[in-house]
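Could you build the full structure based on these sequences and the hints that come with them?
The lines below spell out each chain.
2 protein chains.
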Amino acid sequence: MIKTNTKSDIFQTIKDLDLFKGCEDSFFQNLTNQSQFLPLKKNQILFLHEESATRFFIIKRGWIKLFRETFDGTQAVIDILTTGHIFGETAIFDKDIYPYSAEAAEPAEVISLPLSVLKSELETNSKLALKMLSEMAQHRKIQDKELEHRTIQNASQRIGCFLLRLTNQEASGNVTIHLPYDKTLVASRLGMQPETFSRALKKLKAETGIEIKGATIFLESLSQLSNYSCAACSSEFPCRDLKSGTAG
Amino acid sequence: MIKTNTKSDIFQTIKDLDLFKGCEDSFFQNLTNQSQFLPLKKNQILFLHEESATRFFIIKRGWIKLFRETFDGTQAVIDILTTGHIFGETAIFDKDIYPYSAEAAEPAEVISLPLSVLKSELETNSKLALKMLSEMAQHRKIQDKELEHRTIQNASQRIGCFLLRLTNQEASGNVTIHLPYDKTLVASRLGMQPETFSRALKKLKAETGIEIKGATIFLESLSQLSNYSCAACSSEFPCRDLKSGTAG
DNA sequence: AACCTGCCTTGACATTGGTCAATTTAGCTA
DNA sequence: TAGCTAAATTGACCAATGTCAAGGCAGGTT
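Chains as they are written, first to last, in the numbering used here: chain A, 1 to 248; chain B, 1 to 248.
Treat the hints as calculated values from the structure; they're not laboratory data.
One thing to keep in mind: the hints can contain errors.
Since the list gives no way to pick one copy over another, a pair counts as held whenever it fits inside one copy or between any two copies.
[Claimed, not checked] DSS-like cross-link-like pairs, simulated, lysine-lysine; straight-line CA separation at most 27 Å:
id, residue 1, residue 2
1, Lys141, Lys42
2, Lys203, Lys183
3, Lys7, Lys119
4, Lys183, Lys202
5, Lys95, Lys202
6, Lys41, Lys7
7, Lys60, Lys183
8, Lys60, Lys131
9, Lys15, Lys183
10, Lys41, Lys131
Shown next as structure tokens:
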């Protein structure tokens, strides 16, 4: 039986990250030495927007919601991330202030690591800097597309697009999709109210003939959705660059 | 009389860029040697989304619109940039493919530079990589906020926010703002129809008491607008990080 | 001055999505 | 199983924005 919260497991998890590919073991060791394993209950807050930052995080399991809110409590969801994704690291470039709040959308486990170690590694390891730069540029493109979608896709199309991004887009034939978290949360991720989500999903079903049973959706083929959703997008269908949960 | 399209002027323009601060003259010289000065007429297209990229650009004068469009011609404006801003450079990180289209929103002058030189400089100059990484992270935060605004601000509030970002936010007392380009374009920049823009501006006037004369807007004070617009934003008013035209 | 042309505004109306309140459903726990 | 709670759905209504069509205005040209 493997324990998932040992230091050696943390070491291995960090080492396996694509972002850190090619880094020295000493770097991983430094990070690991100052690491913490954090189990999070649903809705548990990890840090708040504008808070001073000393640590960044890697998701081991579950879903983390990044968001910001206005004074009156209105909330805007920035992204919802899962296993293998990093967040909080951009504070390095912004006066060590977190640019968003983070909370567990579902029970989750994250690894907490010191920003200082990452920061000094970045200054000496140009491979890492370039890799991070590349991921950042990728993310930027995704953000641009997100904004585009808010502008030109309606609620049903956005849901269809979201579902497609949960699948292997090369698949042919029947596909079963399971929503990864609450519908309410999917709604906020897509910038709409839960009621709108509910009705828009129903409309999506009527327009495309998909089957819905609770949080599970059955497709006869991906084109059933892509014909409907991708018409209102600037990219061709298999949209390789738009995997969901890809932010940091 | 200074000519603005000489090689030596290009050299100086590049050297003055914040992004390139600290780079060697040899780098500037390499860029300059392969540079081109391009005067652009209004609506002239510079490159198209998905096109193969060999050059990036720096704006010398005027306004450049970055956008993408769907098959049926619906257009989503990503950003509108002006003097001193760089664009097209992120193609380096995306298989040398432009992630958006670019055209002159107003008569403009841009300097065209080879991506190859930038690319190899990035690989050897870690200061530059870090600086670019930092700017990218900054941009990312701006994009997040842009998305937030689309979600929680209404049309009038977005216009107010846009106007505030055109000003020196430390100013006290009277302020005169001049719209930098067509209202139609401002509308698309803010993700709304021209008709909606027109009505929303009227509403903004009614709600805040600003004065409007054509493309010129008079404020008695910035708080007149900030009270109205920034209520629906997660940031406090003087929002230093949200300068307009800040993308690349 | 007359006339274009493109931008902007306005009105009338359609559509989309948001809000509020009432139920229904599903998953837990006792 | 009964009962609790949170999530999801539904209906009725409203507000915001988009669409289409008609004018109006301003700047540039002849």
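Checked hints:
1. Lys141 x Lys42: between (30 Å within a copy, 26 Å between copies)
2. Lys203 x Lys183: This pair counts as within: shortest intra-copy Cα distance 15 Å, inter-copy 35 Å.
3. Lys7 x Lys119: within (21 Å within a copy, 38 Å between copies)
4. Lys183 x Lys202: Only inside one copy: lysine 183 and lysine 202 sit 13 Å apart there, 38 Å across copies, limit 27 Å.
5. Lys95 x Lys202: neither (45 Å within a copy, 39 Å between copies)
6. Lys41 x Lys7: within (21 Å within a copy, 61 Å between copies)
7. Lys60 x Lys183: within (23 Å within a copy, 48 Å between copies)
8. Lys60 x Lys131: within (21 Å within a copy, 30 Å between copies)
9. Lys15 x Lys183: Neither: 34 Å inside a copy, 51 Å across copies.
10. Lys41 x Lys131: neither (32 Å within a copy, 38 Å between copies)
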